[in-house]
Amino acid sequence: FYGNDVLKKGPKEVVLVGTGSGLNYIIDALQTKVERKATILWLTRDADLFEWGCGVIANFIVADCVAGCCGWRIVLSYTGRDPIKIPTDLPNQITCCSGRLDFQLEIPEKVKSFFSKAHDRLLKLLQRICEFKCCTLITGGGSFK
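Throughout the sequence shown, residue numbering follows my numbering, covering 951 to 1095 in sequence.
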């Protein structure tokens, strides 16, 4: 997983952005014990994947906190149309919501780089935000300044 290099060798604070099946690389990242601040932003319109993803991510966070690695901030968003119950009984590091995320607000001001595994439209939006915040967007195929 390319993002593991960002987590292990990158700046003090990093942001990971994923959509849908990008949950796979987020799970990979959660298995990487990091000693830096990391924000995860993940969106999906698939109700079953959202519910499953919330549970899996919560299990990793509980295990990390027991191990003393609680540097994660995670925002999970359901963007689908089917009504679902948004989980509320999750660790404090996880926020679940429905609807689109405001990436301008969710990406911390002082972050130097973030990694994204998302579709082209979202990558273009993230690239604009990155230019505005003077940071580096790292994708699976390289990076933008």
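It is worth saying that the hints were derived from the structure and are not from the lab. We put the beta carbon where it would ideally sit given N, CA and C, even for glycine. Careful: at least some of the hints might be erroneous.
Stated by the list, open to error - Across the chosen pairs, the derived CB separations fall in these ranges:
#1 I977 to K1035: 20 to 28 Å
#2 D1070 to N974: 28 to 36 Å
#3 K1074 to D996: 20 to 28 Å
#4 A997 to K1060: 17 to 25 Å
#5 E1081 to G1005: 30 to 38 Å
#6 R1071 to V1012: 30 to 38 Å
#7 D1039 to D998: 12 to 20 Å
To be verified - Derived lysine-lysine pairs resembling DSSO-like cross-links, with alpha carbons at most 30 Å apart:
#8 K1074 to K1060
#9 K1083 to K1035
#10 K1035 to K987
#11 K987 to K1074
#12 K1060 to K1083
#13 K1083 to K987
Evaluation of the provided hints:
| no. | hint | verdict |
| --- | --- | --- |
| 1 | I977 to K1035: 20 to 28 Å | 22 Å, holds |
| 2 | D1070 to N974: 28 to 36 Å | 19 Å, violated |
| 3 | K1074 to D996: 20 to 28 Å | 22 Å, holds |
| 4 | A997 to K1060: 17 to 25 Å | 35 Å, violated |
| 5 | E1081 to G1005: 30 to 38 Å | 36 Å, holds |
| 6 | R1071 to V1012: 30 to 38 Å | 34 Å, holds |
| 7 | D1039 to D998: 12 to 20 Å | 19 Å, holds |
| 8 | K1074 to K1060 | 20 Å, holds |
| 9 | K1083 to K1035 | 34 Å, violated |
| 10 | K1035 to K987 | 29 Å, holds |
| 11 | K987 to K1074 | 25 Å, holds |
| 12 | K1060 to K1083 | 8 Å, holds |
| 13 | K1083 to K987 | 18 Å, holds |
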